[in-house]
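Chains as they are written, first to last, in the working numbering: chain A, 1 to 298; chain B, 1 to 298.
I should point out that these hints are in silico values taken from the structure, not numbers from a laboratory. C-beta atoms are modelled at their ideal positions from N, C-alpha and C, and glycine is treated no differently. No incorrect hints appear here.
Chain A side only, calculated, beta carbon under 8 Å to chain B, not exhaustive:
| # | residue |
| --- | --- |
| 1 | Y179 |
| 2 | T184 |
| 3 | Y193 |
| 4 | T198 |
| 5 | L218 |
| 6 | F236 |
| 7 | S274 |
| 8 | V279 |
| 9 | D289 |
| 10 | G296 |
Calculated Cβ distances over 10 Å to all of chain A for the following chain B residues:
| # | residue |
| --- | --- |
| 11 | N22 |
| 12 | K25 |
| 13 | E76 |
| 14 | L79 |
| 15 | H82 |
| 16 | S83 |
| 17 | K99 |
| 18 | N112 |
| 19 | A150 |
| 20 | E157 |
Protein chains: 2
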Amino acid sequence: MFSKICIIGCGLIGSSILRAVNEKKLASKISVYDKSSKVTDYLKNNFSVETSNNISDVVKDSDLVIIASPLSGYKEILLSIHSNLKENVILTDTGSAKKEVNKIINNLNLKNVNWIASHPIAGTEYSGPEAGFASLFNNRWCILSADKKANKDKINELEKFWSSLGSKVKLMSFEDHDYILSLTSHLPHAVAYSIVKTAINNEDKFKDDVIQYSAGGLRDFTRIAASDPLMWKDIFIDNSDNILKVLDNYSKNLEEIKNAIKNKDSKKLLEIFSSTKKVRKEIIEAGQDTDKPGFGRN
Amino acid sequence: MFSKICIIGCGLIGSSILRAVNEKKLASKISVYDKSSKVTDYLKNNFSVETSNNISDVVKDSDLVIIASPLSGYKEILLSIHSNLKENVILTDTGSAKKEVNKIINNLNLKNVNWIASHPIAGTEYSGPEAGFASLFNNRWCILSADKKANKDKINELEKFWSSLGSKVKLMSFEDHDYILSLTSHLPHAVAYSIVKTAINNEDKFKDDVIQYSAGGLRDFTRIAASDPLMWKDIFIDNSDNILKVLDNYSKNLEEIKNAIKNKDSKKLLEIFSSTKKVRKEIIEAGQDTDKPGFGRN
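Here chain A stands alone, though its shape is the one from the complex:
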C-alpha cells in the first residue's frame, strides 16, 4: 500500500506495527529508528529493515512516518526530521495524549505535511521490541485525530492502514480524545499506581502476605501498574488538565464510599455497588472484554 513506511521508536507498539506491516505486506520498504542501539540491533537481526544512526535520514522518501516513542521525545524527533519529510507525507504517531503534541506540530508550521494523530487502544504490561506481536491491533480500536490541514484522501489512507492491521477506526477531535482517554485509561493508571503503592509497603511486616494473597483483587491492578514508567509519566504531564479534573471527581466518589462505610450505610453501599455491576455487562456487549470468569485465567 505504501512504498516506504518509517517507524520512529520501536518498543512494544512500534515493533508490533513493524511485524504487522511485514506480515500483511503493507509496504515495499520499512525504515526504523530508535535511539537505543540495542533496539536497532535487535530489529536488524530479526527483520528486513533499513536503519541509520541519523534520524533525519530514515524519514527520507517515506510516505508514512509513524512516531511511536514516549511523548517527551516528540519535540526533538520532530525538530530533527521535519525538513527531510517527503512532500505530502502522512505524519502520525501512537501516543495516548494529543494536546501538547498538537501544539508542537502547529508551532513548526509544517508545509505539505498531513498530520493525523493515531492512538491504537492496544498494548500490554510488557515493553520493548521483544514484547511486540503482529496481532496486537487485531479487533482493537484505533482513534484518529486529523489536523485541519490534512488532506481527506490521506485520512482515508491512514484509516485503511489501521484497518489492514485489524483495527476498528474512529475519527475524533484532539480535545475529545484527550478527555475520553483521561477516563478510560489515564485515571485507571493513576489509581492502579496509588493502590499498589498503598498495598505494598516494604516497611510492613505483612508485605510478603500481601503478595501471597493478592488474588482477592489486588493482582488485577498490578498489571497496569507494571506499565512502562517513562511512557506513563509523559502521558500524565501532557494530559494533566483532564487528569486532574477526573481525579477530583474520583476523590469525591471515593469520599462517598468512605462516608457510607463510616456510617455503616448498607443502603448507600448497595446502591453504589449495584450501579457499577451493570457496566461490566455493557463492556462485554461492546466486545471490549472477555466474558470468561477472571479474564479466563482461572
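Dock chain B against the given chain A, drawing on the hints supplied.
Then chain B, alone, in the frame of chain A:
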C-alpha cells in the same frame, strides 16, 4: 472423609464446594440450605443432596458445617442452627472478614463446637449456583483462623479438607486475616467501585465512548466492580476499621501523584511508577497471576 457435610448458602462459593466435594468423594452425604427456593431447586435438580425448608434440620448429624452466605446472614443462621449442631462438629465459613463473625460466635458461647473460620481466596465476578465450578479452589490459597477452643485434630481435618479441594492452606489469626485482606482485596474493591462510578456517568455525553474505548485500562477494573453487591456491602461494614485506615493511606498516595502531576514533576512520577512495576513480577513469581500479557485474554 466426612460422613456428612452441610453447606449453608449455595451461591458461587457454596455450590463450588458442593461440586468439588462430589467430584472428590469427600462425604457420604451432603445436605444444603439456601434461603432462596430457586437455588435449592437448582441444586436438587443437578446434584444428589439432602435439603429442607428448615435450616436447623439440615445441620443435624453433620461433621462439617460450612456457612457460605453473605456475612449479614450469619447471625440469623447461627441462632437457628446452634442447638442442632452435632457434638464436636467443625463449624466453618467462607467469609472475607472475620472480626464481627467471631464476636457473634463468642457471644453464643457454644459448647463442643470447633469454630475454625475459612477464607478461600478464590472467586469470580459471577454469582449464583450456576456460576460455580469444582476447580475454583484449585491451586488457590485458603486462610484458616481457629478459635482458641478448637481441637488441634479438627484443625488438621479442616486443613486436609481444603487441601483435598486443591487449595494451599495457611493458618492465621483473625486479626491478621482482616488486616491483610483489607489491603489485598477490600481496598481494591473500594477503588474499583469508585473508578467505575467516576468513569461511567450516565449524564456524560461521552458515556458510550468510555465503554467503547475501555480497553486502555478501565475494563480491568470493571471486573471486580461487578462482584456481588450484597456480599461486598457486608464486607465493607464488617471490616470497616481496617478498610477506613487503608483508604486514608491510599488517599495520601493518590494526593502525592496528584501533586506530582500538578507540578509536572517527572522525577517523582518516574519514581512512583518504577516502584510499582516491580510488584507485578513478585506476584507472578509467587504463582498468584499469569505472566501472559493482558492476563492472556489478547
